[in-house]
Amino acid sequence: MRWGMVINLAKCTRCHGCVAACRIEHFLPLHLTWPRLIAWETDAGKKLEVSTYPVRCNHCKDAPCVKVCPTGATQQREDGLVWIDQNKCAGCRYCVVACPYQNRTFLSKDKDPGYFPGYSLTGFEKKGKKLYPHQAGTTEKCNFCMERIDAGLANGLKPGIDREATPACVNTCQAGALTFGDLDDPESEVSKLIREKDGFQLHPEYGTDPSIYYIDGKLCGCVSNKAPLEATTGSHIQHLSTIEDRAKEIFGAGVGGK
Amino acid sequence: MQPTRQWMVTHKWMVEPMQQTEWIERRGVMVWLAEVFTSLGAGLYLVSLFLNSWWGALIGWLIICLLKLPLHIIYLGKPLRFWRLMPPFTNAWRTSWYPRGVFFTVLFTSFAFVQLVTTYLINNELVLGSALSSVVAADVVFKILAGITAVLTAMYGGFMMSYCKSVPFWNTGLVPIVFIITGIADGLALIMAVGMGTGGIDITAVESASRFLLVINAILIASLLLGASYQSSTAQLSVKELVVGRVAVAFWLGIVTLGIIIPLLVSIVSLFAEEASTNLLIFAIASHTLGAFALKYSILKVGIHRPIVPKVSAY
Chain A
75 MRWGMVINLA KCTRCHGCVA ACRIEHFLPL HLTWPRLIAW ETDAGKKLEV
125 STYPVRCNHC KDAPCVKVCP TGATQQREDG LVWIDQNKCA GCRYCVVACP
175 YQNRTFLSKD KDPGYFPGYS LTGFEKKGKK LYPHQAGTTE KCNFCMERID
225 AGLANGLKPG IDREATPACV NTCQAGALTF GDLDDPESEV SKLIREKDGF
275 QLHPEYGTDP SIYYIDGKLC GCVSNKAPLE ATTGSHIQHL STIEDRAKEI
325 FGAGVGGK
Chain B
15 MQPTRQWMVT HKWMVEPMQQ TEWIERRGVM VWLAEVFTSL GAGLYLVSLF
65 LNSWWGALIG WLIICLLKLP LHIIYLGKPL RFWRLMPPFT NAWRTSWYPR
115 GVFFTVLFTS FAFVQLVTTY LINNELVLGS ALSSVVAADV VFKILAGITA
165 VLTAMYGGFM MSYCKSVPFW NTGLVPIVFI ITGIADGLAL IMAVGMGTGG
215 IDITAVESAS RFLLVINAIL IASLLLGASY QSSTAQLSVK ELVVGRVAVA
265 FWLGIVTLGI IIPLLVSIVS LFAEEASTNL LIFAIASHTL GAFALKYSIL
315 KVGIHRPIVP KVSAY
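If you're matching them up, the sequences are chains A and B in order. With the working numbering as the guide, the letters of the first sequence map in order to residues 75 to 332. With the working numbering as the guide, the letters of the second sequence map in order to residues 15 to 329.
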């Protein structure tokens, strides 16, 4: 069993619902965000085009953050989830620097000034401090709502199918752009989507094997859902020395050309 | 087709190549200083071992104990959990250079302490008779152990950085080699200062070794930059930042001029004048030490992450 997510880039409407859902689910401090939504405009000729990528911890199969963590605070479970034991983290920030996807955040004190700085904590914040205490001086990241997954599994529910056992961001996505499930199960929804729509991972050349796949994306008018399957061979990786090369491999020669 | 405007400025670092800040900005300055003192302390200790300078070894040991280690600990988000970084409290040393480095440093400080005591006892003839041979034997053993761990202490930061795949400029085996060679060169500069204070150091010999190492240093740094410029667009960007960008002053003035050219010129002068004047030596030592600060600053400052998403203006 290996939990993973498929993100349909064409369906994402940049509503930030996933970001809000995560904030509420985990009582995230003001300046801390686990899932991120990045978007940028590109001049694609006749009119501007917007590219959007929802990103979060990739829960890599071969996670560099787990390897570099000096205290063993960053751990990987048998189901592939990478999580941080806040009570063990010493705050060295090696994982923040080493994460190839830059999806870790060091929670410094100034990132948690309260939702209304200068005012007393709201009832929501007070409750959050008890239910989900965040420790300043440690590193944080998305944990795929592992509490929901564990509680759901304990109650016989199936993550990705039953809402109670599915990550909050997936439940909230009004466009249905996020799909969650077992990557090891060939019949799961995520496996089907990856197979049928040539799902691709970010930076496959790092060899980290992320658990998040993207489908149906567009970049400057080029369809971006062609999986870089050839990148899995060592000889090909040698030629993918830059993202430009890789982008051309994935999206066609029209991308990045002058 | 170039991006014209980027949305959600808070996450700009995700889209474009962005400089790492954790190890150089704000509290990250402590990592920079700790790395410099690692180089100065371990380098001075190693050189002192070769030149049999007890004072040099003591100062090198003190730099590690009183400057490097405290800075690393204070930098931590949870400084009181520093013990978690050390074996046997963690088994992460199997995969991570960080606990390995902490372990090397702790071993170094322990071995070097014993070596300093045994050498002091021998030098001051405080041990006589049958015990003397045992102390001499222990001195040799601990010199070897402390020497090996000093090399590892000087190098581990380079290995930590070279592991980071997302920072192509660091992601090369040259970084730890640059760290150890510059460390020894820094040690040679400092031992001259020690020698000027305590005597007993052959300054001319140190100058010769320094001359040689400075040339090696220059070649290594040039190789690092040249190799990076072939590696990837992001690494090229790092080189550009270093040579003509925001870090150019630290590079040209700090690394090249103060760290290499001035000490090299002084050592070449001493080649013809047999021994450089004291003032000139002090100037060269100060210049070289400032160069050591500039080198670590520059390398940390131009650590640039590859963008997370493939995009039109690709890196």
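Please keep in mind that the hints were generated in silico from the structure rather than gathered at the bench. Predicted model only: the values in this text are computed from it and were never measured. Any given hint could be a false lead.
Derived coverage of chain B by chain A (criterion: at least 3 residues anywhere in the stretch with Cβ under 8 Å from a Cβ of chain A; other residues may be distant) [unchecked claim]: (1) 86–92; (2) 175–184; (3) 263–277; (4) 296–307.
Which chain A residues stay away from chain B? Per the calculated CB distances, all over 10 Å, these [claimed, not checked]: (5) R167; (6) D256; (7) P260.
Beta carbons are placed, not taken as given, at the ideal position from N, Cα and C, and that holds for glycine.
The hints, checked one at a time:
1. 86–92: holds (count 4)
2. 175–184: holds (count 5)
3. 263–277: Violated - the region 263–277 of chain B has 0 residues with a Cβ nearer than 8 Å to chain A, which falls short of three.
4. 296–307: Check failed, 0 qualifying residues.
5. R167: violated (4 Å)
6. D256: holds (25 Å)
7. P260: holds (28 Å)
In summary, the structure is inconsistent with hints 3, 4 and 5 from the numbered list given earlier, while agreeing with the others.
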